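Novice: Single-letter residue listing:
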Amino acid sequence: MQSKLKQQKLTLFSVLLLVLFTFPFISVANRAAMFAGVPVLFLYILIVWIITIVVLYRIAEGKQKRPDE
Amino acid sequence: MSNNIVAILSALFYLGMLFGVAYYAEYRLKKGRSIINNGYVYALSLAVYCTAWTYYGSVGQASTKGIEFLAVYIGPTIMAALFWPLLRKIIRICKTQRINSIADLISIRYGKNFSLAVVVTILCMVGIIPYIALQLKAISGSMNILTATAESGTGLKNILGDNAFYISGVLAFFIILFGTRSIDASEKHEGLVAAIAFESIIKLVAFVAVGLFVTYGLFNGFGDIFSKAAENDTLKKLFQFSKDTPYTTWTGLILLSMLAIVFLPRQFQIAVVENVKENHLKKAIWVFPLYLLLITFFVLPIAFGGSLLLGKSGVSADTYVLALPMHYGAGFLSFFTFIGGFSAATSMIIVETIAISTMMSNNIATPLLLAAQKFKPKGDGQLTRSILNIRRFSILLIITLAFLYDKLVAQHFTLVSIGMVSFAAVAQFAPAVIGGIYWKNASQKGAMAGISIGFVTWFFTAVIPSMASSGIIDISIVEKGLFGIEWLKPLSLFGMEGMDSVTHCFFWSMLFNITSFVAVSLNSKKSEQEMYQAEIFVDIFRYSAATESNAMWKGTAHLPELNSLLANFLGHERAEKIIITYARRNKISLEGKEADPRLVTFAEKILAGVIGSASAHIMVSSVTKAEKLKIDEVIHILRESQQMIELNKELKKKSVELQKATQQLTIANEQLKEMDMLKDEFLYTVTHELRTPITSIRAMSEIVHDNTDMPEEQRQVFLGNVIRETERLSHLITQVLNLERYESGRQQLNLNPVLLNVLIKDSIHSLQPLADEKKILIQQQIPDSMFLVRCDADLLQQVLNNLLSNAIKFVEAGTGKIKISVHSSDDELQVWVEDNGQGIQPELQELVFDKFFQAKNQTLKKPHGSGLGLAICKKIIDMHQGRIWVESDEGKGSRFIFTLPNG
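Chains as they are written, first to last, in my numbering: chain A, 1 to 69; chain B, 1 to 903.
Worth flagging that the hints you see were computed from the coordinates, not collected in a lab. Everything numeric in this text was worked out from a predicted model, so none of it was measured. Do not take every clue at face value.
What the hints assert, rightly or not - Straight line, CA to CA, 25 Å or less: simulated DSS-like cross-link-like pairs of lysine-lysine:
1. A:Lys6 - B:Lys283
2. A:Lys6 - B:Lys593
3. A:Lys9 - B:Lys277
Claimed, not checked - Here are the simulated distance ranges between beta carbons:
4. A:Ile51 - B:Glu576: 14 to 24 Å
5. A:Lys4 - B:Asp680: 53 to 63 Å
6. A:Leu12 - B:Lys480: 46 to 56 Å
7. B:Leu401 - A:Lys4: 58 to 68 Å
8. B:Lys587 - A:Lys4: 31 to 41 Å
9. A:Phe25 - B:Ser227: 22 to 32 Å
10. B:Ser242 - A:Phe25: 10 to 20 Å
11. B:Gln663 - A:Leu12: 43 to 53 Å
12. B:Tyr27 - A:Ala33: 48 to 58 Å
13. A:Leu12 - B:Leu401: 37 to 47 Å
14. A:Phe25 - B:Lys525: 38 to 48 Å
15. A:Phe25 - B:Met644: 29 to 39 Å
For each residue, glycine too, the CB sits at the ideal point set by N, CA and C.
Whole structure, please, built from the sequences with the hints as guidance.
Specialist: Take a look at the structure:
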């Protein structure tokens, strides 16, 4: 079932997001340094956020091939 | 013209535009071209999440606590991934059950319980009205900055000179106009949603415009702002989590906002009640996080820029968004920014008010009205008008309460604290709702216990401290604990320290809520009604088709009474129309006085849309006599209709299969008929072929027999003919038998690697005498390389012999020339047998491979051989997965080619 597969992918992805956005992962980026003129923590969150949107787009709108058809 | 008047005029002008958008949307709907039936509009309307708190407050927060403000937008982003699994289920449930508020959702799930609906409604009012007040405060605050007047002051002394008063009035008018169009609250508010989506665009564009102005107008891009901030010690600290923002706060805020994005009444209203199609979620899943990213992108630059430029002038950080363009003389941008903030605030007020007013009127006011009247219908549409008026009154009441709260209480708080307190309030619904749709054992008592205890804990740990700090109650309760008990301090319950107040409140209230919800659920008995609802809610995707036409009711009801009940709320005409349509669709007879059980269930659902499920249940019960349904009966009905649907699907599938099988049978039958005919024909030709030699044998034998005095020489000639004819006969029979063997598939291929050169040479050798007899030259052109093929040597030899002897037969004696050659390509070997005989007409080139082709065309030429030779060749080559065909120009000879797979 297409929507079942989508559901599982999205649920899994939300868990991954929770991990990426909270402790201990976020502590890696939690430093005073700047990278490319932007604070590292801000940059980290921004990049993960943009990737999130792209992945969500791919999963939500992507037409998955159905092997049974 | 003074700034003041311009500000008010632009606000009014903007509200006018909202009216325009809303009217246009409703006009389009009437034409059948809905605007809100669109995934992008749905995603934009979800952005009602971003209120004035986002617009002004996040900059304020960022300039004191740094990146912490982002947690409130990352939570919803994570939740967006769960829209499809979680929100889709809630939407499906609400659509099939005609649920129009979160109070309804909870009360219906737990057995249409009245008191639950009331508790949820009250919690929403207590938790959210301050939040609405906050938006009013933001509007009047931003107006004051724009017009550079002092605060209009607290209290109600100068109410008529207060802009917020008029703005509230216009807003209330707008909400009443577009929010109470239809008596059925589960119907969509087309105009409102369109207006909200429009507002989402305005606030985004305005905020991004300010961001660009600050970043590129006042500074030289991001690098510039950040590097200047890095030189400032206070700002540099904001680059990372401060000591005030431990990871617990960050994580707590993310979790809290994950729940808020689903359970805030305005989010529930937009995401669930106003959802047109489930599939719009697919757009919302990625567009909504994108929106959040865009609207928060410039918060940090504006916060740092504001601190750097205005930090010393004493301007509140909450107002940087507006103060920066004003201070630097961007007049038009200032007004646009003000409108952006105004739109953020108004969209929140509009949707939140609609959501809460529906709950209030359905769960508190209407039941009171119905109880007071003892349900005495007073004629057509009377109740409809009363209920609509109740809803209008609720809207006015909410706006008034918010206005009063703003004037009398809210001045003491910052923007953010009230918002987070509201988030924590609605989070209390999460266990009951999520548990309710995934866990069948969740019970009404459990939900009641969880929500009430969560509510009390929330009130104690979040509301009491803020009341104390604003001086409404004695501060000692915060400092010394309730009744002076040390471990009952609202901000460090049971002595727990180390969390900020919001996380502290969230932690304790959810802990108590979930624990009591689960514990009581496991230890309480459930009513039949509850078990039935649990079954439907948890397995909604299995049952959603079944519940539509299903009666979950047993008893006696009179059709006229049911009719008049509906008519009281909908008017006679509409009630009748609805019932007749439903009856026709489900093939229910409306004859007789008894009402079909399905009609009763249906009527209740319709009423639930108007007066809420709890009241609807009571209403319908009052005119019908229900027998108690046993739970196994309930489950039985559900399962049965589910099975019916599945059975139906199965049947359809079967009939399609049957149709296919029939078709195949027909084709097979035709093939059989054809084969039967072919067999007859074959038999006919074979016997015909056999008769010819036999006739001649017989004739010649008779001649010899009858003429005993025949000369020896002549007799020899006749006997020689007899022998030749017999040979031909036996040859023919062998060939027929061979062909039959190949065709029936009984001939097993004896595959071995064979040298093709050797085979060809053998063939030539054995037929050389025949050729010599006719003085025919046989050339061979075979490359030196060895052609090793896997084949059955005997059969292939037969093919070569047949082709070669055919060639010998059909060339002129003396001048005949035959050439055999082998050509090799990557994947196959070709063997060519060429002659210079008379050739074959193009239309016959395929037919020569048919059985008895020659015999059938005896008029063309005198027969040579049986006419089976080529048919046998074709069969053998086919068995080797090769091809055989002939190329020929009439009069110039012909070339027979067969191929064998290489290797």
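Novice: With reference to the structure, classify each hint as holding or not holding.
Specialist: Do the hints match the structure? See the list:
Between Lys6 (chain A) and Lys283 (chain B), the direct Cα distance comes to roughly 14 Å. Compliance with the 25 Å bound is thereby established for this hinted pair. A C-alpha spacing of about 50 Å is found between Lys6 (chain A) and Lys593 (chain B), which places the hinted pair above 25 Å, so the restraint is violated. About 21 Å separates the Cα atoms of Lys9 (chain A) and Lys277 (chain B), which keeps this hinted pair within 25 Å; it holds. Distance hint check: the CB atoms of Ile51 (chain A) and Glu576 (chain B) are about 57 Å apart, inconsistent with the given range 14 to 24 Å.
As the Cβ distance of Lys4 (chain A) to Asp680 (chain B) is approximately 58 Å, the hint placing it in 53 to 63 Å holds. Under the hint 46 to 56 Å, the C-beta atoms of Leu12 (chain A) and Lys480 (chain B), about 49 Å apart, fit the expected range. In this structure the supplied range 58 to 68 Å is violated for Leu401 (chain B) paired with Lys4 (chain A), their Cβ-Cβ distance being about 45 Å. At about 33 Å, the beta-carbon gap between Lys587 (chain B) and Lys4 (chain A) stays in the expected band of 31 to 41 Å.
Under the hint 22 to 32 Å, the C-beta atoms of Phe25 (chain A) and Ser227 (chain B), about 27 Å apart, fit the expected range. The beta-carbon spacing between Ser242 (chain B) and Phe25 (chain A), approximately 19 Å, falls within the hinted interval of 10 to 20 Å. Taking 43 to 53 Å as the suggested C-beta distance range, the pair Gln663 (chain B) and Leu12 (chain A) conforms, at roughly 45 Å. Judged by the Cβ atoms, the range 48 to 58 Å given for Tyr27 (chain B) and Ala33 (chain A) holds: they are separated by roughly 56 Å.
The supplied range of 37 to 47 Å is met by Leu12 (chain A) and Leu401 (chain B), whose beta-carbon atoms lie about 44 Å from each other. Checked against the given bound of 38 to 48 Å, the beta carbons of Phe25 (chain A) and Lys525 (chain B), roughly 45 Å apart, stay inside it. Phe25 (chain A) and Met644 (chain B) have their C-beta atoms about 51 Å apart, which leaves the hinted 29 to 39 Å range violated.
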